[in-house]
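There are 2 protein chains.
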Amino acid sequence: MAAAQYEPRVGDLGHNRAEAVRWSQSAMEQGARLVVLPELASSGYVFDDEAEAQRTAESPADGPTVGALRQLCARHDAYVIAGINEADGGCRHNSAVVVGPEGLMATYRKLHLYYNEKSWFEPGADLPIVDLPFGRVGMVICFDLWFPEPARALALAGAELIAVPTNWVASFKRTVWDDRGYCQGDYVAMATAAQNGAFMVCADRIGEERGMRFIGASIIVGADGWPVAGPASKDAEELLIADIDLDDAQAARARTPRNNLHTDRRPEAYRVSEVPVSPVRA
Amino acid sequence: MAAAQYEPRVGDLGHNRAEAVRWSQSAMEQGARLVVLPELASSGYVFDDEAEAQRTAESPADGPTVGALRQLCARHDAYVIAGINEADGGCRHNSAVVVGPEGLMATYRKLHLYYNEKSWFEPGADLPIVDLPFGRVGMVICFDLWFPEPARALALAGAELIAVPTNWVASFKRTVWDDRGYCQGDYVAMATAAQNGAFMVCADRIGEERGMRFIGASIIVGADGWPVAGPASKDAEELLIADIDLDDAQAARARTPRNNLHTDRRPEAYRVSEVPVSPVRA
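Keeping their order, the protein sequence lines are chains A and B.
The first sequence begins at 1 in our numbering and counts up one residue at a time.
The second sequence begins at 1 in our numbering and counts up one residue at a time.
The set of hints was computed from the structure by calculation and includes no laboratory data.
Computed from a prediction, not measured in an experiment: that's the story for all the values here.
We put the CB at the ideal spot given by N, CA and C, even for glycine.
Accuracy of the hints is not assured; some may be wrong.
[Claimed, not checked] Derived CB-CB ranges, DEER-like: (1) Arg266/B to Arg271/A: 19 to 25 angstroms; (2) Pro267/A to Ala51/B: 32 to 38 angstroms; (3) Cys91/A to Pro257/B: 21 to 27 angstroms; (4) Asp243/A to Ser171/B: 19 to 25 angstroms; (5) Asp48/B to Pro133/A: 32 to 38 angstroms.
If we strip away everything but chain A, and leave its shape as in the complex, we get (with noise of 0.2 angstroms):
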């Protein structure tokens, strides 16, 4: 599995084209088969306005990037999930992408729109989740990771890898703990692996768009909640790529011989109960 760390530039569809190819690429010939590329890789992120927002926006069904990675998937027997801006009639989604070798196989719209992007996109309303020949595979964008929920119900439904092209932007802030630095997205992505007993490939870009900045930190977790590939830096491009084995998620949900993360839920539990302002005896 790997994670492509770069730069895309907004507006730039033919750069972030040739760019989303060449680290897939480079990715599958050091033994990639699932390649994960970061949120809007084919338009950039921050949209001066309506038009070039419009402009930018491409079908998952026959529009170029789509196009130009099935053709890699074909070559490598490998496939790509990618963030695009996604042309749907007069509006567009924040999607991710999953391409193979025979083309597009899901697109998934990000359902918790973050800030401005309130503004150019509608969100989705559903999860995909696909059967890829290694493991079966869900997606999140960005913000949907400070929501519980969406990597919850993939998990439920049997997803061993949760993919998540993101923008992490500079009120993710990093840390000092050290010289490498967690982002809260990096935290917050160990923590779901954690609790869910799922693999995240998490790919973010670096750079600076209109005076917002991307912080890098792009990480590859295991299912059981520790980093298997970085964090990467805060602004260099950079390529993680893991050797992970997606039947070990089933393991990991067993985090001892009397737990399973998943079987030991309990709905029916999960309901609060007011307690009077009173104490209850006194």
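Starting from the known structure of chain A, arrange chain B on it as the hints suggest.
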């Protein structure tokens, strides 16, 4: 708010009660209005057999631990949340009690029992929430944190602070990130705070009982998901104190001027759609 990290002794009820009072008093004398003590602070953790588990259990309503803490709370106009081995007729619960100046206010019974706790305890059936003078407070215990649902339910019901009496064991291993060391419990608590916009006060224990080692790393986390005190050391007694205003939880939920962690939820969209194995479009 305070979290007391120390070493209860299994089976030594008098010692444990004295320690609970001593640490709570010390925190209150330094200004704490709420003190959180470790899981099973009344009894210790690693029971030898059913007889020991039963002998060390007590009633929350009129047991000696709650009684002793009540006097202290009355003297200082403060509150304690403590883990106790709760006697409940023929069975027991791994519980957290809220004690105030007028006595017992609420009892939470751990929903997700870890490993051999399943031999000694019956799990709880709901999540009490209590209004204290400084804010709305819920509780989870240790392994409960590995399930996102309890904290989520509490936060959506208005909890501004979640108290976490805990006994993190070595399998929740510490990292090598830095000299202080964050364990998995720390970053899961941090992610839980970041996702819910709630303060987390985690009081762990230290020491070893019958071959089981506990790992400290107690932590107080702000509603923005970043530590405000701790993590504490892995093997020393430590009292964490943080001056926090629970009203800040509301503000922390507004991650941007256009986002709120609670109202941005998309419950209708948290459903998985299966993608057929053949590609959508060749």
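Which earlier hints turn out false for this structure, listed by number in ascending order?
-> Hint 5 is the one this structure does not satisfy, whereas the remaining hints hold.
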